[in-house]
Structures are given as C-alpha cells and as structure tokens.
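Participant: Each chain is listed here by its residues.
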Amino acid sequence: MSGARGADDGTVEVRDLVVRYGPATALDQVSLTVGPAEMVALIGPNGAGKSTVVNTLSGVLKPSAGTVAVRGRLAHVPEGRQVFGDLTVEDNLRLGGRRYKLRDTGPVHAILPRLAELRHRRAGTLSGGEQQMVAVGRALMSRPDVLAVDELSLGLAPLVVADLVRHLRELNETRGLAVLLIEQNARLALDLCSRAYVLEAGRIVAEGPSEELAADDRVSAAYLGGVHD
Amino acid sequence: MTDLPGYLVTGLGTGCGYALVGSGLVAVYRVTRVVNFAQGAFAVVGAMCAASFLTALPHGLGELAAVAVAAVVGLLVGMVALATDPRSALIVTLGLSVFAYAVEVLVWGDQPRSFAGLPGAVTIGDARVQSHYLLVIGVTLPVFAGMALFFTRTGTGKALTACASNPYAAKVIGIDVRRMGWLAFAIGGALGGLAGVLVTPVQQITFDADVTLIVNGFAAAILGGLTRPAVTLAGGLLLGVTQALVAGYGNAAHQTDVALGLMIVVMIWRAAQRQTRGPVEEPV
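Chains as they are written, first to last, in my numbering: chain A, 1 to 229; chain B, 1 to 284.
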C-alpha cells in the first residue's frame, strides 16, 4: 500500500445527492463526508439506499443531481462478495489493480496472508468468508485511499467477521486508510467507526459520533434492539 | 469403409467452419449475454471481401485483410446492438443480418462467389481429399488454442472473462463493460470472417449463406451453453463429421437434418445428465 498521495487524499464529499431509478427516487438530497483516515459508517434498513450511495461513489451509477467528490483513490467492496467465480484468486486480485496497472499482489498477500495460500484456487469454490477476503484484497490491489465496504458481515460467521474487522482496523491505523462502512449490522458499524450516518428511505435521518448515535433512543430502538451501550 | 478417412477429413474441415462461427457466438454471448444473429453475416462479409481482395492482393494478405474487415463490421454491429438493452439487441442483430443481405447484393451481386484455396489433393486411405481441408483444420485448431491462451493468460482476456463472470463486479473495479462488449463483437466478427475465408474455397458462398452457417454454428455453440469455446469446437466437429458421413453413405439432401437431429439428441442427453447430477458450476 502506498501512503497518502496528497493532503486531501482519502476524502469523500457528497452533497445533495439524488439518484433515481426511473420514476423511483432511491436517494434524496443525501450529503455525507469521510475525512482522511476516518472510519465512517452508513447504517439503515434494507432498501434504504445504502448500496446506491456506494455504487454512485464508485461510478457504477450516475447521480441524477448533486455532487460526488472523491479525492484520492476509492475502492469498492460490493455487497455479496461479487468475486469472479470462474477466475483464480490471483486473477481476481490482479483485476483489482488493472485500472492503475498494478500487478504485484505481494502487498495484499502481506495484509491478507490467507490469499497467498489460496492464490491458485478458483474464487467460486471458496467459502463465503474467503470470498469476502478476496473481495477486500481485490479492492486493496488499487492501493486505495478510501475503502467503501458494502455489507462486510452479510452472511458470514461471527468469527470470520471479527477477523475481517481486525484487518480493516489495522489498515486504518497503520496505513491511514479511510473507510466508509455500509452495514445492516448497526452494532458492528457503530463499534468500529467513529462517526455514522443513518439512512432511511433514501434520506439521511441522523448523523454524528457513533457513541452519540448509539445512545439515541430512536437509533437504539430501531437498530440496536433498544439496548444502549 | 475405405472412403471413411476421406469423409472424416472433409467433415472435420467443414466442422471447423461451424466451430469458428459458433465460437464467435460464444465470444459475444459470454461477455454481453446477446445472441448475435449477425454472426453468419460476418462469415459472408469475410468470404466476399477475400474474393475481392485476392484479385489485387496475394494469398495470406488478402485473407487477413478480409478477416480485419469482418472484425470491423463486428465492432460496428456491437456498437449498434449494445446501444440497446440485451433483449432488444437480439432483434437488432437479426435486423442487421437482414440489412447485410441488401449491402452484400449491392456490392457483390447475388451470384455465388469463391476463390482458390490451397491447391492439390492428398490421398487418405483410398480417398482423395482436397488439401485445403487440411489447411482449414490446421488453421482452426491453433486459433482455438490461441483463444484459450488469450482468455486465460492475458489481462484483456481475463477482463473479458470477468465481464462474463460478473458484469456488476467488473464495473465496480473500473472495467468498461460496454467497451469489452464491443471487443467481444470484434472478436466474433474476426472469427466469423475467418470461417468464411477458410470455407469459401471448398464451398461457394452466396449472400444468404449465413443461414446455414448460423444454424450449424448455433447448434455447436448451444452444446456448450453458449459459453464454452472448447465444447463449441467439439460440437462443430461432430456436426461436420456427421454431415459428411450422412452425405457419403446416405443422402446428401438430409445431411443437415440428420446432424441437427443428432445435436438435439446430445442436448437432451446432456440435460438429463445435469438433472441427474444436480446443478453443477461449469468451468469456462
């Protein structure tokens, strides 16, 4: 991983973002920021538009209105792993660095050694946790300043999630990687990130430091089972 | 039975043409999920161009230029087809293949065309076989080997495979899926053009010869679910050999019927096998 490429690298600034699918409005005036080396969570129920936010950040979707500014490189770990099942782990990783002509998988193997052991396996034959690791490793291949992770924990065993979280925290602390974590598991997201946004029906309905949100009665009742930290 | 080796060689040569057309369909379908009904037209364009170019250019160069033209035509068809959604794209390619008739008749007329291939004949068993059939086989097999290397060893080939495997994930990592679709169409055009160029010296081509080529090419490709070039090669060769044997030992008028009937039997058998084994992820 390279270090920071500029003072503002690793920042995301979304202003008044609107995304429409035909007549349906998926995101309505959404604004959020992620600062350098910051870990920010975006939580909300199914269908709130969380994935639409990250798909717009990575350029998969085009905004209908508003602005999206990403300074530095942003890499996207999509929901549901989305590995290239017909290709080997090594090929998956290399494709992650293709846009920037980065082929050396060594730095990613150093962070996620398990991927070195699996390098010749077809990604489609791996377990869910291993595929998620491939998806994270593929994103890291581009040596990003910001990592947008969509549903890290979805369908994975708690031990596997804990291992992936440990890697994310390490990358943030040792390499200054900024992280935007999109999660349905609000407790996980609020524990991991210093700041969070709550997205409901395409609108940001709450934002602030994770501790404050966790203490908020409405957020706690809706996303933490009514249990305050 | 002394004619058998001869029938096998001519059947393999003809089957190579079907396999090339079929692999063009596969190249396009894997990446774009579009069944390209203009694939047979690429073969006709390649053949007609070669017939024209060879009046001024030497062998080798003339055929290569014709394949290049077919690749460009493939690219243009892809650009038009992919401007629509995949369901409309199928109809667009069908429309373009019909439009191609008008252009081909306008440019080359409606009479059959051919040009000289590899001269001479070889004796196989008791049969004499045109040497050109061996050239067709000798070119097709390395082309398939080259395609396998391209898709498994090069970055662009793997990016194409990535688009086929998971178009959404390909977009996420910055692969331009639409451009990859265009490239797939260009590859399909080149493969179709090569089929036309190789087959024409032994089978005259008319503007509407695309129907026979696309039907047989599709039959070969569908054997591998439109996604597996190696199975498409096997399917094309099986079709070609069956047709040659039916024509040699039976009635040439029914060679296509019997061959396509055999393909249906093989497909039913494969479907039954899959149902017995359950869903299996098939390698590319």
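Don't read these hints as lab results, they were simulated from the structure. The structure displayed is predicted, hence computed values, not measured ones. Using N, Cα and C, we set each Cβ at its ideal position, and we do this for glycine too. Hints are supplied without guarantee of correctness; some may be wrong.
Claimed, not checked - What follows is a set of in silico ranges between Cβ atoms, one per label pair, in the way DEER data are often shown: (1) B:Ile137 / A:Ala65: 40 to 48 Å; (2) A:Arg20 / B:Ala83: 15 to 23 Å; (3) B:Pro58 / A:Arg121: 46 to 54 Å; (4) A:Gly80 / B:Tyr101: 39 to 47 Å; (5) B:Arg33 / A:Arg99: 20 to 28 Å; (6) B:Gly146 / A:Ala65: 42 to 50 Å.
What the hints assert, rightly or not - Calculated Cβ distances over 10 Å to all of chain B for the following chain A residues: (7) Leu32; (8) Asn55; (9) Asp86; (10) Gly106; (11) Ala116; (12) His120; (13) Pro158; (14) Arg166; (15) Gly176; (16) Glu212.
Participant: Decide, hint by hint, whether the structure agrees.
Facilitator: How the hints compare with the structure:
no.: 1; hint: B:Ile137 / A:Ala65: 40 to 48 Å; result: violated (59 Å)
no.: 2; hint: A:Arg20 / B:Ala83: 15 to 23 Å; result: holds (21 Å)
no.: 3; hint: B:Pro58 / A:Arg121: 46 to 54 Å; result: holds (49 Å)
no.: 4; hint: A:Gly80 / B:Tyr101: 39 to 47 Å; result: holds (45 Å)
no.: 5; hint: B:Arg33 / A:Arg99: 20 to 28 Å; result: holds (24 Å)
no.: 6; hint: B:Gly146 / A:Ala65: 42 to 50 Å; result: holds (48 Å)
no.: 7; hint: Leu32; result: holds (20 Å)
no.: 8; hint: Asn55; result: violated (8 Å)
no.: 9; hint: Asp86; result: violated (5 Å)
no.: 10; hint: Gly106; result: holds (18 Å)
no.: 11; hint: Ala116; result: holds (19 Å)
no.: 12; hint: His120; result: holds (13 Å)
no.: 13; hint: Pro158; result: holds (25 Å)
no.: 14; hint: Arg166; result: holds (24 Å)
no.: 15; hint: Gly176; result: holds (22 Å)
no.: 16; hint: Glu212; result: holds (32 Å)
Comparing the model with each numbered hint stated earlier shows that hints 1, 8 and 9 do not hold.
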